[in-house]
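Produce the complete structure using the sequences and hints provided.
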Amino acid sequence: AQSVTQLDSHVSVSEGTPVLLRCNYSSSYSPSLFWYVQHPNKGLQLLLKYTSAATLVKGINGFEAEFKKSETSFHLTKPSAHMSDAAEYFCVVSDWGSQGNLIFGKGTKLSVKP
Amino acid sequence: GAGVSQSPSNKVTEKGKDVELRCDPISGHTALYWYRQSLGQGLEFLIYFQGNSAPDKSGLPSDRFSAERTGGSVSTLTIQRTQQEDSAVYLCASSLGKQGTGQETQYFGPGTRLLVL
Numbered sequence: 001a002q003s004v005t006q007l008d009s010h011v012s013v014s015e016g017t018p019v020l021l022r023c024n025y026s027s028s029y030s031p032s033l034f035w036y037v038q039h040p041n042k043g044l045q046l047l048l049k050y051t052s053a054a055t056l057v058k059g060i061n062g063f064e065a066e067f068k069k070s071e072t073s074f075h076l077t078k079p080s081a082h083m084s085d086a087a088e089y090f091c092v093v094s095d096w097g098s099q100g101n102l103i104f105g106k107g108t109k110l111s112v113k114p
Numbered sequence: 001g002a003g004v005s006q007s008p009s010n011k012v013t014e015k016g017k018d019v020e021l022r023c024d025p026i027s028g029h030t031a032l033y034w035y036r037q038s039l040g041q042g043l044e045f046l047i048y049f050q051g052n053s054a055p056d057k058s059g060l061p062s063d064r065f066s067a068e069r070t071g072g073s074v075s076t077l078t079i080q081r082t083q084q085e086d087s088a089v090y091l092c093a094s095s096l097g098k099q100g101t102g103q104e105t106q107y108f109g110p111g112t113r114l115l116v117l
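Here the protein sequences line up with chains A and B, keeping their order. Letter by letter, the first sequence follows residues 1 to 114 in our numbering. Letter by letter, the second sequence follows residues 1 to 117 in our numbering.
None of these hints come from the bench; they were simulated from the model. Glycine included, each C-beta is placed from N, C-alpha and C at the ideal position. Just to be clear, a hint being listed does not mean it is correct.
Cut-off 25 Å, straight-line C-alpha distance, at most; resulting in silico cross-link-like pairs (DMTMM-like, lysine to aspartate or glutamate) [what the hints assert, rightly or not]:
#: 1; chain 1: B; residue 1: 11; chain 2: A; residue 2: 88
#: 2; chain 1: A; residue 1: 109; chain 2: A; residue 2: 85
#: 3; chain 1: B; residue 1: 98; chain 2: B; residue 2: 56
#: 4; chain 1: A; residue 1: 109; chain 2: B; residue 2: 85
#: 5; chain 1: A; residue 1: 42; chain 2: B; residue 2: 104
Some residues of chain B that are not near chain A, with every Cβ distance over 12 Å (derived) [said to hold, decoys possible]:
#: 6; residue: 12
#: 7; residue: 15
#: 8; residue: 17
#: 9; residue: 65
#: 10; residue: 87
#: 11; residue: 117
Set out below in structure tokens:
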């Protein structure tokens, strides 16, 4: 069965410094992996997705993630944080066994200090 | 273009009452999903509709929960005899195609915030 573990429930960075949100997955199949972002009182927005093409995936707002099969990781990074990046981020794997419903990590809340 | 819409945006009800939550997927999307986001439980899958196939109900937490999708478009999630633990944000998502088609990216609505008193 597929599962996702987000290693940090809360990450705090200063504006202009790099962001690293960690995610490990477990999957019996070649997974489809996603990062979604949820701003306060807003819906979930897709940041980026990996579906077995390039292992380095670029998303919106300067975010990117690298799929590392040997480490079963899909960490999200951004070179320079902006105040507007403050939100909750979810690492997600698509459950092939259930025809595609998403399995969400617990979420990582990103705080950005001025 | 129009995204996924959900109504109502907020719903307050009394324990024991029934509630209906509505989802309008993106036009042309064949797949529709319901999820629940609650404190301490994270985001969990409830039910999945794909075209005219029988829905995948494997995530529904009890028989008080049901959903239907009429005409392959609008979906209604019904919770009967609501309990306080049903309080959560109910999210709907749709995708153009199903898993493995390259069109499986799910787009989420803003959610319905349900509070059961």
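Verification of the hints:
1. B:11 <-> A:88: holds, 23 Å
2. A:109 <-> A:85: holds, 10 Å
3. B:98 <-> B:56: This hinted pair holds, its Cα atoms lying about 13 Å apart.
4. A:109 <-> B:85: Measuring from Cα to Cα gives roughly 24 Å; hence the hint holds.
5. A:42 <-> B:104: Since the Cα atoms of residue 42 (chain A) and residue 104 (chain B) sit roughly 22 Å apart, the hinted pair holds (cutoff 25 Å).
6. 12: holds, 17 Å
7. 15: The claim stands: residue 15 (chain B) keeps its Cβ more than 12 Å from every Cβ of chain A (closest is about 25 Å).
8. 17: holds, 25 Å
9. 65: Answer for residue 65 (chain B): holds, closest chain A Cβ roughly 15 Å.
10. 87: The claim holds: residue 87 (chain B) sits with its nearest Cβ about 16 Å from chain A, beyond 12 Å.
11. 117: holds, 21 Å
Checked against the numbered hints given earlier, this structure breaks none of them.
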